[in-house]
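K.L.:
Here is how the chains run, residue by residue.
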Amino acid sequence: MRYHVVRNVYAYLLLLPAFVFLVGFTHYPAMATLLDSFMSTPRAGRAASFVGMQNYQDMLADPIFWKSAINNLWFALATIPVSIALSIGMALWVNDKIAGRSFLRMAYFLPTVLPMIAVANIWIFFYTPGYGLINQVLQALGFSSQNWLGDPGLVLGSVIVVAIWKEAGFFMIFYLAALQALSPSYKEAAQIEGASAWYFFRRIQWPLLMPTTVFVLVNALINAFRMVDHIIVMTKGGPDNASSLILFYLYEIGFKFWDQGYASVLTVVLLLILAVVGLLQFFILDRRTHYQ
Amino acid sequence: MSSALTSMNSANPVTSASHMSHTRLARGISVLGAWLLALMWITPLLYAIWAAFHPSEFATKLVLNAPVTFANFVSAWEAAPFASYFLNTTILVTGILCMQLVLCTLAAYAFARYEFLGKNILFSLVLIQLMVMPEILIVRNYQTLTQLGLVDTLFGIGLPYFASAFAIFLLRQTFKTIPAELVEAAVMEGASQMQILRHVYIPLAKPVYLAFALVSVSYHWNNFLWPLVVSNSVGSRPLTVGLQVFSSTDQGIDWSIITAATLLTSAPLLIGFLIFQKQFVQSFMRAGIK
Numbered sequence: 221m222r223y224h225v226v227r228n229v230y231a232y233l234l235l236l237p238a239f240v241f242l243v244g245f246t247h248y249p250a251m252a253t254l255l256d257s258f259m260s261t262p263r264a265g266r267a268a269s270f271v272g273m274q275n276y277q278d279m280l281a282d283p284i285f286w287k288s289a290i291n292n293l294w295f296a297l298a299t300i301p302v303s304i305a306l307s308i309g310m311a312l313w314v315n316d317k318i319a320g321r322s323f324l325r326m327a328y329f330l331p332t333v334l335p336m337i338a339v340a341n342i343w344i345f346f347y348t349p350g351y352g353l354i355n356q357v358l359q360a361l362g363f364s365s366q367n368w369l370g371d372p373g374l375v376l377g378s379v380i381v382v383a384i385w386k387e388a389g390f391f392m393i394f395y396l397a398a399l400q401a402l403s404p405s406y407k408e409a410a411q412i413e414g415a416s417a418w419y420f421f422r423r424i425q426w427p428l429l430m431p432t433t434v435f436v437l438v439n440a441l442i443n444a445f446r447m448v449d450h451i452i453v454m455t456k457g458g459p460d461n462a463s464s465l466i467l468f469y470l471y472e473i474g475f476k477f478w479d480q481g482y483a484s485v486l487t488v489v490l491l492l493i494l495a496v497v498g499l500l501q502f503f504i505l506d507r508r509t510h511y512q
Numbered sequence: 004m005s006s007a008l009t010s011m012n013s014a015n016p017v018t019s020a021s022h023m024s025h026t027r028l029a030r031g032i033s034v035l036g037a038w039l040l041a042l043m044w045i046t047p048l049l050y051a052i053w054a055a056f057h058p059s060e061f062a063t064k065l066v067l068n069a070p071v072t073f074a075n076f077v078s079a080w081e082a083a084p085f086a087s088y089f090l091n092t093t094i095l096v097t098g099i100l101c102m103q104l105v106l107c108t109l110a111a112y113a114f115a116r117y118e119f120l121g122k123n124i125l126f127s128l129v130l131i132q133l134m135v136m137p138e139i140l141i142v143r144n145y146q147t148l149t150q151l152g153l154v155d156t157l158f159g160i161g162l163p164y165f166a167s168a169f170a171i172f173l174l175r176q177t178f179k180t181i182p183a184e185l186v187e188a189a190v191m192e193g194a195s196q197m198q199i200l201r202h203v204y205i206p207l208a209k210p211v212y213l214a215f216a217l218v219s220v221s222y223h224w225n226n227f228l229w230p231l232v233v234s235n236s237v238g239s240r241p242l243t244v245g246l247q248v249f250s251s252t253d254q255g256i257d258w259s260i261i262t263a264a265t266l267l268t269s270a271p272l273l274i275g276f277l278i279f280q281k282q283f284v285q286s287f288m289r290a291g292i293k
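Residue numbers (my numbering), protein chains in the order written: chain A, 221 to 512; chain B, 4 to 293.
With the rest of the complex left out, here is chain A (with noise of 0.2 Å):
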């Protein structure tokens, strides 16, 4: 008896470097910003004070906030989808016995390792219009140059653009893992049988690959309302808040317009979205391992 409270104390002791940073700024941090999510922001000479929900209904009769919100929900729609689609081919071509493969394996991963605010320079030089490249190309092949980032129509297709290429290398990464860990037989059967590549992805490859697509996607949606670095260096969120996210419109209320009321508020919308992805990953990993 004794030396089982022995190793609980061992346990703890060994704990407790970790836990007092982790406590320090995730926990405590969530749960004081909830807090101050009810409190009106402390001005020169005024302490902050219970406002009740005022500061969560001045969000709600925010207009900036909803554009922040509907762009973000636009970003996760298409970034999601499409760098999952691409990641999964970029995956499959590299596995395979293709020319050039460990080129291509370079090209797809390289903008997962160069830092996103020096890629978001280059990118900005791509869309200058005029004689940025993209420009460039298409007034070569007859079209009118646009203003990619300038233009409240085009600029959140340009930074999801962004987006995407900056993580599909990622996400390949682990669709590579799981396709060389899968069973080279069912390749060797597929190719005695004589089924086409494509059939053989989706009745075969696809449902096995089904868990790192669940681990992808979760990664994901955590980067559609992380990923702000390239809107602070391309657009500052806008023209007229076109391209405005909700970590990127928190920024500027939080450290432009110190409003640290509002900035809680924004917060805790992103910790709820958080957390619904969290659940959401909770109970599809849970339903998975039912049919396993």
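These are calculated hints, taken from the structure and not from any lab test.
Positions of the beta carbon are idealized from the N, C-alpha and C atoms, including for glycine.
Partial selection, computed: residues in chain A whose CB lies under 7 Å from chain B:
| # | residue |
| --- | --- |
| 1 | ALA327 |
| 2 | VAL333 |
| 3 | TYR351 |
| 4 | ALA483 |
With a Cα cut of at most 20 Å, we get these calculated DMTMM-like pairs of lysine to aspartate or glutamate:
| # | chain 1 | residue 1 | chain 2 | residue 2 |
| --- | --- | --- | --- | --- |
| 5 | A | LYS407 | A | ASP316 |
| 6 | A | LYS476 | B | GLU138 |
| 7 | A | LYS317 | A | GLU408 |
| 8 | A | LYS476 | B | ASP155 |
| 9 | B | LYS64 | B | ASP257 |
| 10 | A | LYS476 | A | ASP460 |
| 11 | B | LYS281 | A | ASP316 |
| 12 | B | LYS179 | B | GLU118 |
| 13 | A | LYS456 | A | ASP282 |
| 14 | A | LYS287 | A | ASP460 |
| 15 | A | LYS456 | A | GLU472 |
| 16 | A | LYS456 | B | GLU138 |
Starting from the structure of chain A, add chain B where the hints point.
P.N.:
Relative to chain A, chain B alone:
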């Protein structure tokens, strides 16, 4: 499944021959697609290399005999304190990694080896950080740093990342696969708990440590939002924030210098990646498989 496959095989010889040429065509299109996509994927880097190594009048046009120059790198290096930024990022990345390795090894050891009250609850609390990264909580974490007096310090930038749920999770998984006989043998020889960790667990988890190190270094080398918020002087600015300050202040849109600075910032990771490509990809793979 096998019945579906055999039904595919019942085609007569004629359609089978056209089927052959059909699949060869499909294969050709597939290879072409793979290469086109790869070219699209590296175009930004190729362009950056082109613009950075040529005089600025060639930044927007491709002339094959354009003179090669290093002047853009020199101008970029002199225009901003990149040496300090490099030093800051290096200190930050190694500091975070060292703290992560120590703290997360201890925590993972506790989760893998001991039974204690509240173990599952505590582990769930760890996993929450996989979802809620510190950058989501920037506003409140910034207040914490203000209270600690650590705003605008490298230590403050690193602090929220010292405990990594990802590392704890990864190491716990690895530690759990270590055979009990090895641990028992060490116990029989009278090894202390810490000696068992040092001489049995850690050596056997070496590939996982390498995998985590590569993931952590590339993550924190590229991290931007939190350092942007916390740092506001040359003394604490990492490369990413320095590059942003540099390219957003009036450079008169000199693309050549901006791309040179961009390449400088990415160079260590890029070179490291090209040399250790296999390890990089394998590390990310290892880190992704649970």
